[in-house]
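Protein chains in written order, with the numbering used here: chain U, 1 to 115; chain B, 1 to 109.
Incorrect hints may have been included.
Said to hold, decoys possible - Examples of chain U residues toward chain B, derived with CB under 7 Å:
hint: 1; residue: Ser18
hint: 2; residue: Ser31
hint: 3; residue: Gly109
hint: 4; residue: Leu112
hint: 5; residue: Val114
For the record, the hints were derived by calculation from the structure and aren't laboratory data. Every value quoted in this text rests on a predicted model; they were computed, and no experiment measured them. Positions of the beta carbon are idealized from the N, C-alpha and C atoms, including for glycine.
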Amino acid sequence: NAGVTQTPKFQVLKTGQSMTLQCAQDMNHNSMYWYRQDPGMGLRLIYYSASEGTTDKGEVPNGYNVSRLNKREFSLRLESAAPSQTSVYFCASSELRAGPYNEQFFGPGTRLTVL
Amino acid sequence: RKEVEQDPGPFNVPEGATVAFNCTYSNSASQSFFWYRQDCRKEPKLLMSVYSSGNEDGRFTAQLNRASQYISLLIRDSKLSDSATYLCVVKGNFNKFYFGSGTKLNVKP
Numbered sequence: 001n002a003g004v005t006q007t008p009k010f011q012v013l014k015t016g017q018s019m020t021l022q023c024a025q026d027m028n029h030n031s032m033y034w035y036r037q038d039p040g041m042g043l044r045l046i047y048y049s050a051s052e053g054t055t056d057k058g059e060v061p062n063g064y065n066v067s068r069l070n071k072r073e074f075s076l077r078l079e080s081a082a083p084s085q086t087s088v089y090f091c092a093s094s095e096l097r098a099g100p101y102n103e104q105f106f107g108p109g110t111r112l113t114v115l
Numbered sequence: 001r002k003e004v005e006q007d008p009g010p011f012n013v014p015e016g017a018t019v020a021f022n023c024t025y026s027n028s029a030s031q032s033f034f035w036y037r038q039d040c041r042k043e044p045k046l047l048m049s050v051y052s053s054g055n056e057d058g059r060f061t062a063q064l065n066r067a068s069q070y071i072s073l074l075i076r077d078s079k080l081s082d083s084a085t086y087l088c089v090v091k092g093n094f095n096k097f098y099f100g101s102g103t104k105l106n107v108k109p
């Protein structure tokens, strides 16, 4: 199993350009998430999808949109990139059930630079 | 107030030392707790879940204190390879996970 995969691994954009970050998981998880991590800071939730067909805003949703394409795939779109969106983006997935076993699994991240 | 708070460190310790990290969480209804490890420029990976009765995995011991709303991680006999950032994670409602900002550990020879 590949777990959580993300594409691309690296991207450089110019201000105002758009792009979509792709994420897929093969663990049959219901919930998927997008986070950003800036230097010296923790993970901040951008959007999440508790289950297929639902999406909700997280802590920092402005400037982003998401699509839960199916149970496996959850994409993040930057419509008009800004230098403030320079960051490392992580996708994650987890099972939708209570208990200490349903941890999150993370993809390797996308390093995005906006010039 | 942040959902999860941690001392950012860094903790600089010699090999073989015992080191402890604490974190506090604000939502008393939280049910699931985790410690993740993050190496530089890598994704976070689960170190261990934290069970109500406390649990141990080799040199690592996790404790939960619901009354005081804090979680701890104890690392015994530190190795150079333990150098990383340790993230405290609390699962809340609607399957949302709340991350502390992480505690950096540097283990020196």
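query: Which hints, by number, does the structure contradict?
result: Checked against the structure, the hints that fail are numbers 1, 4, 5, while the rest are satisfied.
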